[in-house]
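Protein chains: 2
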Amino acid sequence: MSRPVLEFWYEFASTYSYLSAMRIEREAEAAGIEIAWRPFLLGPIFAAQGWTTSPFNLYPAKGRYMWRDMEREAAALGLPCRKPEPFPQNSLLAARVALLAAGHPWEPTFVKAVYRAEFGEGRDISDPATVREILLHLGLDADRILREAQTDANKARLRAQCDEARERGIFGAPSFITPDGEMFWGNDRLDRALAWAARRGSAG
Amino acid sequence: MSRPVLEFWYEFASTYSYLSAMRIEREAEAAGIEIAWRPFLLGPIFAAQGWTTSPFNLYPAKGRYMWRDMEREAAALGLPCRKPEPFPQNSLLAARVALLAAGHPWEPTFVKAVYRAEFGEGRDISDPATVREILLHLGLDADRILREAQTDANKARLRAQCDEARERGIFGAPSFITPDGEMFWGNDRLDRALAWAARRGSAG
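Sequence order for the protein chains is A and B. All residue numbers for the first sequence refer to full-length UniProt numbering, where the first residue is 1 and numbers rise by one. All residue numbers for the second sequence refer to full-length UniProt numbering, where the first residue is 1 and numbers rise by one.
Do not take every clue at face value.
Which copy is meant is left open, because identical chains are indistinguishable; a pair holds if it fits in one copy or across any two.
[As the list claims (entries may be wrong)] The list that follows gives simulated cross-link-like pairs (lysine to aspartate or glutamate, EDC-like), each with its CA atoms no further than 16 Å apart:
| id | residue 1 | residue 2 |
| --- | --- | --- |
| 1 | K112 | E27 |
| 2 | K112 | E133 |
| 3 | K83 | E133 |
| 4 | K62 | E34 |
| 5 | K62 | E167 |
| 6 | K83 | D163 |
| 7 | K112 | D124 |
| 8 | K62 | E182 |
If you are wondering where the hints come from, they were derived from the structure by calculation, not from laboratory data.
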């Protein structure tokens, strides 16, 4: 019997998506849930509501708090936390590569390596050299993957995935969607989302 | 020996403050923490960043999600959840009365009764008749309290408390501040705030 699938919608520029990405595999395993990794971009969604950058930059008090909260929450998970410059990072290339990775064994490893570079080491993930190095470290054909990531077909797939996110009501990251369509927003709701998927997912 | 004090900054118009208000006493008791109830208004803080109403109204996808999340979170606490009309409610009168209640035995009872009327029953707490009825149910001299709440001295006290909130970096509600000045934002952080206060508060 197949396990219920929880969709994990993440944005590489999102700080709290980092926390979820680093812990979701072990928590999903413990709950008996399969994870579908769904990269998307918040930029178009934010732009549609008039935001030109992250709300953590637009609202400085909220931004200062968020970085302090990230320090605490990362420490509680035993994770490093470092602010990349600039913040937010342009996550377009990383998202295109992650989309290519879908269903391949290297998908979660790649996603976590990008997050660790960005928010654990403060590196610039918009730089193709960073993404290339991560792919090489995973023993992959980095140049072929980077080429494929930039094809028109793959660019269109990412646009379609972003459209789907907006159409399904996603407004922030991370977001989790259960098999019966229940949405949970934020790293703080991962446990609830897994429990919901475990309780109702098997009925579908 | 006195117990560490956690400041609980709440806004009567705030949905997640409702959840915190209803559970903070028993959780604080279990953690060995004293609660200082600090009513304030988010309106001036939101206005300063260009918001004319609640972000849950300004951003409809976020608003729809919040009400669904409130239903789930209230149910998990065994609490009713009903959206008042209009939302957000004007919380000025209730906040002035709550400020008068500070340190009196009826303070937590009054605060919880207002929240229950507003988000449990969907009633209009901006109506002085609602606040009066709540005070009468608590066996209090409602008319005297309502008169005192509207004195210039009490109005000035509430303004000063709102200024203090902004100066201390508060940007949303509920917010919790520990004896050593650590801030936690959101009902989801109440447990962390209590644990922090218990661990470090006694050192002060």
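Tested hints:
Proximity of K112 and E27 under a CA criterion of 16 Å is satisfied intra-copy only: 15 Å inside one chain copy versus 35 Å between copies. Taking the closest pair of Cα atoms, K112 and E133 come within 16 Å of each other only inside a single copy of the chain (14 Å); across copies the shortest separation is 56 Å, beyond that limit. For the identical chains of this complex, K83 and E133 are neighbours neither inside a copy (20 Å) nor across copies (51 Å), given an alpha-carbon limit of 16 Å. For the homomeric pair K62 and E34, neither the shortest alpha-carbon distance inside one copy (34 Å) nor that between copies (26 Å) is at most 16 Å.
Only between protomers do K62 and E167 lie at most 16 Å apart by alpha-carbon distance; the minimum there is 13 Å, versus 27 Å within a single protomer. For a Cα distance limit of 16 Å, the shortest separation of K83 from D163 qualifies neither inside one copy, at 29 Å, nor across copies, at 30 Å. Proximity of K112 to D124 under the C-alpha cut-off of 16 Å is restricted to the intra-copy arrangement: shortest distance 15 Å within a copy versus 48 Å between copies. For a Cα distance limit of 16 Å, the shortest separation of K62 from E182 across copies, 14 Å, qualifies, whereas the shortest one inside one copy, 27 Å, does not.
Figure legend: structure checked against the earlier numbered hints; hints not met, in rising order: 3, 4 and 6.
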